[in-house]
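Dock chains B and C against chain A, hints included.
Now for the letters of each chain:
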Amino acid sequence: MAKQIDALMKVRDLPVGFTAKPGSTLEFKTGDWRSMRPKLDRGKCSYCGFCYIYCPDGVYQDMGKDEKYYKPDLDYCKGCGVCAQECPKHCIEMVLEEV
Amino acid sequence: MAAKPVGMEVSIAVSEAVMLCDADVVAAYPITPQTHIVEHLSELVADGKLDAAYIPVESEQSAMSSCIGSSAAGARTFTATSSQGLALMNEMLYRAPVLRTPVVMVIANRALSAPINIWNDHSDIMSVRDAGWVALFAENGQESLDMTILSFRIAEDPRVSLPLSLNIDGFTLSHFIEPILLPTREEVRAFLPPFRPIVKLDIADPISIGLLGTPESYTEARKATDDALTASKQVVSEAFAEFKKHFGREYRVVESYRAEDAETILVMMGSIAETAMTAVDEMRDRGEKVGIVRLRLWRPFPVEEFKAAVRHAKNLAVIDRHMVLGVPDGPVALEVKSFLYADEVRPNISNYVLGLGGRDVTRDDFWHITERAKQPGAGQRPRYELVGVME
Amino acid sequence: MRAAETPFEKVTAKTFPKGPDALASGHRACQGCGEVLALRLILKALGTDVIAVSATGCMEVCTAPFPQSAWRMPWIHVAFENAAAVASGVESAVQTLRRKGRGPDRRIPVIAIAGDGGTADIGIQALSGALERGHEDFIYVCLDNEAYMNTGIQRSSETPFGANTTTSPSGLKSKGQSTWKKDMPAIAAAHGVPYVATATPAFHLDLMSKIRRAAAIHGPAYIHVYSSCPTGWRLKPELAVTIGKLAVNTRIFPLYEVLDGRYVLNRRVEKPVPVADYIRLQGRFKHLKDEDIAVIQDRVNQEYERVEKLAQAFPVEVAQAG
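Chains as they are written, first to last, in the working numbering: chain A, 5 to 103; chain B, 396 to 786; chain C, 77 to 398.
Next up, chain A with everything else stripped away, as it sits in the complex (with noise of 0.2 angstroms):
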């Protein structure tokens, strides 16, 4: 699923001073280093944000107001399972990642 790293380069076409852009690691999709997923209960989330605030990899999005709550962005989710720890509401289940 994820697209690799493609640090193959000529050596003329390597930008000058061995530089990157910025946020180009959203090119590395980390998605599938997880054996677990998160499994979210809409209904208990109170919409406190303490997914989205807490997640080392940053995949929680907020959906708005009118959503009203954080969805996970499985590309880059590592499955560690902090969201579902810190939830006030106990609405993330930690399920087994199905290839």
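Wrong hints could be hidden among the right ones.
Straight-line Cα separation of at most 27 angstroms, DSS-like style, residue types lysine-lysine; simulated pairs [what the hints assert, rightly or not]: (1) A:72 x C:94; (2) C:94 x A:25; (3) B:732 x B:709; (4) C:312 x A:43.
These are computed hints drawn from the structure, not numbers from a lab.
Just chains B and C, lined up with the frame of chain A:
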């Protein structure tokens, strides 16, 4: 242009040149014999004559680190050091070229310890010759000032964008008072364009600098740096030509003195060439066909220009100011021999190491070396001759 | 005399910055990394109108493998021991170019980020120099995960007593690390800098407000951030935040500020959780016996009391960030 030369210590002339170039940041740590340069720079800042930040760092390691940061942030950046200070910078010296940060550094060349010794030789710069910096050598006071101005122009040229070291012999050049023509700020400004970095920490266009190079990219990153360094030779020559137009003084990457018809050529770098010229004049008066080829540009090594300068000689006496312990040749001789190896006709090359740790280099030494270089079998000697060693 | 401080907006639950992270996803930090969580929140508090400097270490390696970078602001890494010195150069350049009309005409904070090894061991000289020189817009953050994790969990001077690391192994004649943590905040404060603070991502508003204050203050700021490491601590990845809260609530890691030398205890822990509850969650301490933990408990009591007394000695009238 000031009509008359002014008597001035060479270190002061270098600092004045940095002021004339309107450097933005100076980060330096005191070490003999570089001190007069940075002392005078801090005075120039304190007096408001140079509008720069002077960072009195706590070590040379931090000096070079600060310089890399400053240069990457878009500031014209200068430092100076010697010997152990250069050694302490070592790790950072290898990083600056790959990050393409055009820091200008004057090295008041001094012997590396041990034993601890504050006097002149070239062991400091030779210990970092593979780091990827452009390296120039000055012979006298005027050259030191001129090369300082040229250093910023060369290093900051967008086609180069590499750090540059200007080597001036510690004490025997740095502390001498010489007649020096000082250009005006306007003249320098007309010659030296503003610094426009090609790699920059810029809020408006943020990039990341200093990335991890895995086996997939490390080789290419090193090659790209080597390509840039190799290509800088052309820019050096162009800058010298441009300098002549502005200031009238002419410099070449390889300098020759009475070498055109010489049978024996003495190869050297730095201020001992002044003494050598006197010796060559004396020997010429006695009919000796001897001359000097001096490397002004040490990195990138000007192979073609060097070969052209020595091609006709019967004997090459390569003079080193540093010993490569465990190897029978000095560093300059090692390289010269390797460059000439594939040539069908090559001179007899013999190697002489002298002037270590501040030991005087005299006219007699050059007489002696010339005699030795002419001897049959000089090119087959198994190792260098350590001139004047007491064994 | 208080150092000058530009007004700054504290981070509250209501004002929590919801925009895109200043540290992008796709970095290679371990699952449940408390250090990258700290980094993400720190950068979120600052935004992208800053220049960041990293020391070599986990955060540098996992955020910037060529040809990619997670950093959305200008960022530079040069070496392990010199983040403070590189940041000094950047800061001096930014100030000078502003003065000379060749850079943005506003304050641009320069933040140097290093781990505990890059701060308390190999980088302490460069840090000391930078703090002493008084750089105006200079923030230094130590992300303390209590060992050299990037090279494989070797002990540092910030490894806690009793912790098993690959160079402080427990054994028949060893209880693991034999020394107590070097007090880096006190060392930083001894330089007379205007701002020193401790923080943890588990108390995220406190952490982010302290970073904002560090940026607002004129002069060097040092923030020591507790950063859990599931790999090196043998800690379940999901406990990254839980362990941080426990570190504070056991009094192991008190949250305080030092404002111009005056200590402010931000979070008084009235009923501390026993240290054993913290220790027993981590495999690095699993060899410790109850009597070893009692020794640690004694030390924690003493250290907390010391900070508390320092805070009592300096009744500070200023509003605390935390």
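Now for the hints, and whether the structure bears them out:
Restraint check: the Cα-Cα separation between residue 72 of chain A and residue 94 of chain C comes to about 14 angstroms, which is no more than 27 angstroms; the hinted pair holds. Proximity of residue 94 of chain C to residue 25 of chain A is assessed by CA-CA distance (about 23 angstroms); at most 27 angstroms being required, the pair is judged to hold. Between residue 732 of chain B and residue 709 of chain B, the direct Cα distance comes to roughly 14 angstroms. Compliance with the 27 angstroms bound is thereby established for this hinted pair. For the hint pairing residue 312 of chain C with residue 43 of chain A, the CA-to-CA distance comes to about 19 angstroms; that is within 27 angstroms, so the pair holds.
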